[in-house]
Every structure is written in C-alpha cells, then in structure tokens.
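**Q** Sequence:
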Amino acid sequence: MDKQQLQHEDLNYLVVGLGLTGFSVASYLLRHGYHCKVQDNRDVPPYLQQLKSRFPEAEIKRQVLDAELVEWADALVVSPGLSIHQSQIRQAAEMGKSIIGDIELFAQAAEKPVVAITGSNGKSTVTRLLGNMIECDGKRVGVGGNIGTPALDLLQTSVDWYVLELSSYQLETTHSLKPVVATVLNVSEDHLDRYQSYTDYIQAKLKIYQGAMDCVTNSDDETTRHGDGDISFSLNPAVNADFGLVHDDGIWLAHRTDTWLNVNELKISGRHNWANCLAAMALAHQAGISKPAIIEAMKLFSGIPHRAQWVAEVDGVEWINDSKATNVGAAKASIEGRDRPVILIAGGQSKNADMSALYAVLKQRVKLVLLMGVDADLIERAWSGATRIERVDSMKCAVARAYGQAERGDCVLLAPACASFDMYEKFEARGDDFMRQVRGLLSV
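FYI, in my numbering the residues of the sequence shown are 1 to 444.
Treat the hints with care, as some may be off.
As the list claims (entries may be wrong) - Here are the simulated DSS-like pairs of lysine-lysine, each with C-alpha atoms no more than 27 angstroms apart in a straight line: (1) K299 <-> K351; (2) K37 <-> K61; (3) K97 <-> K139; (4) K37 <-> K52; (5) K112 <-> K61; (6) K37 <-> K97; (7) K52 <-> K426; (8) K267 <-> K139; (9) K426 <-> K396; (10) K178 <-> K61; (11) K139 <-> K112.
Hints in this document: simulated from the structure, not taken from any laboratory.
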C-alpha cells in the first residue's frame with residue numbers, strides 16, 4: 001500500500017463526472033479526508049447510489065458545471081469520458097484552475113514502480129500479458145487504469161509493481177507520472193470526434209514518454225518514436241530491433257539474436273499478437289523481469305475476451321470475436337492476423353475516421369463484408385469496389401448470412417472498425433451478442 005498522500009493536500013477538489021472513474025476519484029479523496037465535491041448534471045449519475053451509500057457525507061452537485069462551483073475549486077478532476085476542451089472546463093483552466101485526472105492523483109500518491117502502456121491497438125493485451133509476466137516472476141502486481149481496476153483503487157493493495165493501461169484522454173490530464181518504462185505501441189486514426197486533428201491525437205499519446213526512464217517504441221510505426229535511446233520492437237526481421245522475429249526452422253520471438261519462444265507455442269494467434277508479445281517482452285526486460293518468467297507467461301496467456309477471441313470452429317469455418325477492434329487500425333491488424341479468407345462483420349459509429357484506409361486489405365483478404373450500423377452508408381461508399389458488401393440490420397442477421405456464405409477454410413471475423421454505441425451499450429455487449437448468435441446457430 002502506498003503513501004496515499006497527494007502533493008497538495010489542502011486543495012479543494014471538484015470531481016467532474018460520476019461514472020466509474022469519478023466514483024474511484026471521489027472515493028479516494030473522501031476516504032483520505034480531502035476537500036471534495038462531485039458534479040454531474042445527469043438525472044441519475046451511474047455511481048450516485050454507490051457513492052451516497054459508502055460516503056453519506058459526500059457533497060454531490062447534480063447540476064451543470066457553473067461559475068460558482070468552478071470558483072470554489074482549486075483543481076478539477078475530470079473524468080476521461082469528458083473532453084477538457086468543452087467550454088466550462090476550458091474557462092476553468094483560463095481562471096488558473098488545475099485540470100487533472102485520476103492518473104495524476106495516482107502519480108502523486110504511488111511509490112512503487114510503474115510501467116505505462118498506451119497505443120491505439122493492443123494495449124489491453126500487452127497490459128494483461130505484462131502483468132502475468134511480473135506475477136510469474138514471483139512479484140505482486142497491480143494491473144489497471146483504462147482496463148479493469150481504476151488506478152486509484154490499486155493503491156489499496158500492497159504490490160511491488162503497477163502496470164497501467166492509459167488512454168489518450170487520461171494522458172491529457174497527467175503531468176507527474178514517472179514510469180520506469182513506457183510505451184506507445186502504435187498510433188492509428190481514432191477518436192477524431194474528440195480531437196481537432198490526428199496530430200493532436202498523436203501528441204496526446206506521446207505524452208506518456210514524459211518523465212519515463214526508458215521508452216519502448218515500435219520500429220514499424222514511426223509515430224511512436226521518442227529518441228535515440230529507445231528500446232525497439234519490430235515484426236520486420238530486416239529491421240535491427242532489440243526485440244523481433246528470427247526465422248530459423250520456424251518463427252521465433254527473439255531478443256536480438258537470442259531466440260526465446262517459437263510462435264507455435266503461443267495460445268494467441270496472428271501477427272498483431274506477435275507484436276504484442278514482443279512489446280511485452282521489451283517492457284518486462286527493461287523492468288528486470290527474468291527471461292524464464294517472461295517465456296512462461298507467454299506460453300500460458302490465452303488472450304482477453306473480445307480481442308481476437310476464438311469462439312468456435314465448425315465444418316472447417318472459424319469464428320472470431322474481435323469486437324474491441326473499434327477503429328480502422330485495429331480492424332486492419334485483425335484482418336491481417338488471419339491466415340484464411342475472411343467474411344467480415346463490420347460497422348457502427350465511425351468516429352469520423354478515414355474508412356478508406358481499409359480498402360487495400362479488404363481487397364486482398366476479405367471475400368464478403370456484412371455491414372451494419374449508423375454509419376453504414378458512409379462506410380459502404382469508402383469500401384465500394386474493394387470486395388462484395390451486403391447490408392444487414394442486426395447481429396443475428398449478420399451471423400446467419402455469414403453462416404450461409406462461409407465455406408470450409410474461411411474465417412468469419414467480427415472486427416467492426418467502429419464504436420458500438422449506436423446499437424449497444426459497449427463493445428463487450430456487441431461481442432457477447434456475436435458469440436450468443438454464433439453458439440445458438442451452431443449449437444456449440
């Protein structure tokens with residue numbers, strides 16, 4: 001358990017938003033006796049009852065973020081789901097108020113070493129895998145942040161290491177984090193409904209390197225570069241990366257010329273998952289984790305639900321749930337990770353992304369696209385001519401049509417390249433629906 005002491009304990013903290021992160025922040029501040037108010041203008045904030053039950057003294061303002069509240073506060077702790085560019089928060093910053101997030105509070109309180117991970121795709125897989133590597137080495141680890149447990153909740157348990165997955169939104173409001181090692185795994189167009197430009201999105205991601213002792217970068221993605229001292233990983237054997245692939249009677253995950261593990265011994269498949277393993281190897285190595293522990297963890301790791309998750313194989317047709325492929329880059333990696341012809345189920349909210357970036361891989365790898373969701377018209381125009389496209393109005397229809405069209409040796413892949421909120425509460429619900437329809441249809 002860490003020191004639980006913030007740098008500025010006498011400040012008035014205004015928690016903006018009472019979702020999961022806001023609840024975690026408010027609970028942390030109230031538990032340690034800090035001056036705190038909570039603001040959320042929704043009729044019924046998601047964690048209202050939980051906060052009132054746990055902390056009856058909590059001062060909760062169910063109103064708009066007005067001048068009086070802002071005037072009271074010294075610091076606004078903004079939930080990552082809220083844009084710091086909205087007018088009220090921007091005005092608060094202009095008044096000299098600190099605009100921070102839960103990771104900034106965590107950074108001020110945590111005393112154990114931190115590994116920080118971001119990227120457009122693969123960050124949850126790398127975060128979980130690295131956590132397993134540290135555990136295999138006999139150390140206690142707290143894994144969370146943008147995945148699973150909120151960062152401040154991790155402070156309640158005694159650990160040796162923290163492994164944090166961080167989103168661009170969380171990094172925007174973080175200033176004091178000093179990770180032992182940090183990485184930007186990759187960057188592709190995402191969240192352009194939230195950022196003014198792709199460059200702004202990239203800069204938010206690269207902020208993770210500030211204060212880091214070591215930086216792990218992807219030699220296959222120039223946007224992730226930090227400096228000459230980077231520790232690198234690459235899928236390209238021709239690149240002189242620190243961690244990469246060696247072709248020698250099979251394909252090996254290697255540290256320079258030292259082969260560590262044949263990819264056939266992995267439970268997770270696809271080149272994108274080889275890249276995830278190489279990134280985790282690099283991070284673990286820099287954190288001082290032993291080679292045997294790293295290898296053992298990779299052998300045992302079976303992946304994360306909704307991330308290239310194997311669902312079934314019936315009559316020679318493989319069904320894969322990659323509902324977490326919520327952007328173009330993730331969908332591209334998912335398609336390229338299959339070694340079979342693909343029937344792709346896609347669509348949803350495009351988030352203003354350039355969907356034409358998938359045109360080439362659709363033409364090369366995909367025999368049929370089953371397209372649904374609110375932005376289907378826009379997406380169909382971007383993909384027209386790449387491959388055969390059919391429109392469906394539900395996951396049930398998509399799965400049934402895929403079943404009717406699939407041939408032995410095909411892969412039916414849910415990799416939407418879009419957010420799910422037009423049809424589902426979250427991407428997990430979309431993936432669950434896909435698996436339910438597949439298992440119901442195939443009786444598996």
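**Q** Taking the hints in turn, state whether each one holds.
**A** Now the hints, each set against the structure:
no., hint, verdict
1, K299 <-> K351, "36 angstroms, violated"
2, K37 <-> K61, "7 angstroms, holds"
3, K97 <-> K139, "39 angstroms, violated"
4, K37 <-> K52, "12 angstroms, holds"
5, K112 <-> K61, "35 angstroms, violated"
6, K37 <-> K97, "15 angstroms, holds"
7, K52 <-> K426, "26 angstroms, holds"
8, K267 <-> K139, "23 angstroms, holds"
9, K426 <-> K396, "17 angstroms, holds"
10, K178 <-> K61, "33 angstroms, violated"
11, K139 <-> K112, "12 angstroms, holds"
Hint violations for this structure: numbers 1, 3, 5 and 10, all remaining hints satisfied.
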